[in-house]
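Visitor: Take a look at the letters that make up each chain.
2 protein chains.
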Amino acid sequence: MSDRQTAILEAATRCIARKGVRGLRVEELAAEAGVSTALIYYHFGDRAGLLRRTLEFINDRADRYTAAGVTPEGEPRAILERTLLLELQDEPSVRENSTAWGELRASAIFDPDLREQLGLSTRRWVEDIAELVKGVRPDASTDAAERLTALVEGLSERWLSGSITLERARELLRGGIALELGDAG
Amino acid sequence: MSDRQTAILEAATRCIARKGVRGLRVEELAAEAGVSTALIYYHFGDRAGLLRRTLEFINDRADRYTAAGVTPEGEPRAILERTLLLELQDEPSVRENSTAWGELRASAIFDPDLREQLGLSTRRWVEDIAELVKGVRPDASTDAAERLTALVEGLSERWLSGSITLERARELLRGGIALELGDAG
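Taken in sequence, the protein lines are chains A and B.
Note that the first sequence covers residues 1 to 185 in the numbering used here.
Note that the second sequence covers residues 186 to 370 in the numbering used here.
What the hints contain is simulated information worked out from the structure, not anything from laboratory work.
Don't take each hint at face value.
Part of the chain A face toward chain B, derived, beta carbon under 7 Å [said to hold, decoys possible]:
#	residue
1	Ala11
2	Leu24
3	Arg147
Simulated coverage check for chain A against chain B, where a stretch passes if three residues somewhere in it have a Cβ under 8 Å from a Cβ of chain B [what the hints assert, rightly or not]:
#	region
4	12-22
5	94-107
6	158-164
7	174-181
From a predicted model like this one, the values you see are computed outputs, not experimental measurements.
Note that beta-carbon positions come from the ideal geometry of N, C-alpha and C, so glycine has one too.
So here's chain A without its partners, still in its complex pose:
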C-alpha cells in the first residue's frame, strides 16, 4: 500500500472517530488527508469500498498495538491477558481505533455493504485470540475467544461512552479472562 493510501485510511479513521460513519464526507476526508477527492475515488472506488478498507486498516493497526503483548519470553497466560488488555488503554490511537470500530459495527446494522468485511475482521480477531487461548488451555473451544472479544467490545463501548471508568473495564476484563481460563480466585 502506498503512503498516500495509508494517509487516506489514517485520515478516514480519524474522521470516523470524530464524527461517526454517517458524518464522514469525502470532501472533508480529502482535506484531512491532503489529497483530492478524485484520488480517494481512484484508490477506493466508492464510499463502500473506502469503508471496507478502513475497517481492514483499523484491524491491522489493532494487531500492531496489541502485538506488543506478545513478547517472546512471556508465559502464554500473561500474553493472552496483555493482548486483550491492550484494547483498553487511554492512548489516542487506541481510543480512535476503538471508537471507529464501534462506529463501523453500529453502522453495519444499517449498511449491508459493511457486513461482510466486518464479519471477516471479527473472525480474524477471534481466531488470533483463540490461538492465544489454546496456548494456555490446548483443549479450549473457540467459545472463550468469541466471548472474550465480545466482552472487550462491550466494555470498550461502555468506557468510551462514559458509563464506566477505564480501570473498572480492565478489572472486569481481567476477571472474565480468569473465569474463561478456569483459574479464577
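Please arrange chain B on chain A, whose structure you already have, making use of the hints.
Guide: Below, chain B without anything else, positioned relative to chain A:
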C-alpha cells in the same frame, strides 16, 4: 405520561433503529408520530431532551419484555438465564430496542449530553441483573452482573451487525452465565 408522549417516544425509537441517532430529524419524527414538531419541542424541550427520554423509554420497554423471564414459580438460576436471553430474540420490538440502544451508546461517545442518562440506564440494568445473580449466589459481587450485561451488549451488536447468528449469540451467552455462576460443565 400521556398517550401522545408515548407515541412520540415509540416513533423516536423506531426512527433511531431505522436511520441512527444522527439520521433522526424532528420533522420526520413528527410525521412518523402524527404530531406537530411544536408538540415535540413542548414535551421534550430540545433534541438532547428528546434523546434522553427516548433512552429512558427504551430501558423501560426492555424491562417489560425481559420481565417475562421472571415467573413466580421459577428457580432463581432459570429466571436469570431467561431474563438475559430475552435480550437476544428475533422479535421486532427487541431488534428495534437493541438497535436503538446500541446507536445511543455509540452516539454518546460523540455527544456528552447523552452520557449521564446512558450511565444511569446502564447502572439500573446492572443493578436489576445483580439482584437476580444474588438470588442464585448470595455472596456474588456486582462484577458478574456488570460483565454479563456488557457481554449481552457485545453479542447483541455482533448479531445485529451480521457477524454471528442469533443462535450462536444465545449459546455464547448461556456459556457465559454458567461460568459466572460457577456451574459450567
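Visitor: Each hint needs a verdict: does it hold in this structure or not?
Guide: Here's how the hints hold up against the structure:
1. Taken as an interface hint, Ala11 (chain A) does not check out: its beta carbon lies about 18 Å from the nearest beta carbon of chain B, beyond 7 Å.
2. Given the 7 Å rule on beta carbons, the hint for Leu24 (chain A) is violated: about 11 Å separates it from the nearest Cβ of chain B.
3. With its C-beta approaching chain B no nearer than about 5 Å, Arg147 (chain A) sits inside the 7 Å limit, and its interface hint holds.
4. Counting residues of the region 12-22 of chain A whose C-beta sits closer than 8 Å to any C-beta of chain B gives 4, which meets the bar of three, so the coverage hint holds.
5. Under a criterion of three residues with beta carbons nearer than 8 Å to beta carbons of chain B, the stated coverage of the region 94-107 of chain A is upheld, 6 such residues being counted.
6. Proximity of the region 158-164 of chain A to chain B, defined as three or more residues with a beta carbon under 8 Å from a beta carbon of that chain, is established by the 6 residues found.
7. Counting residues of the region 174-181 of chain A whose beta-carbon sits less than 8 Å from any beta-carbon of chain B gives 4, enough to reach three: the coverage restraint holds.
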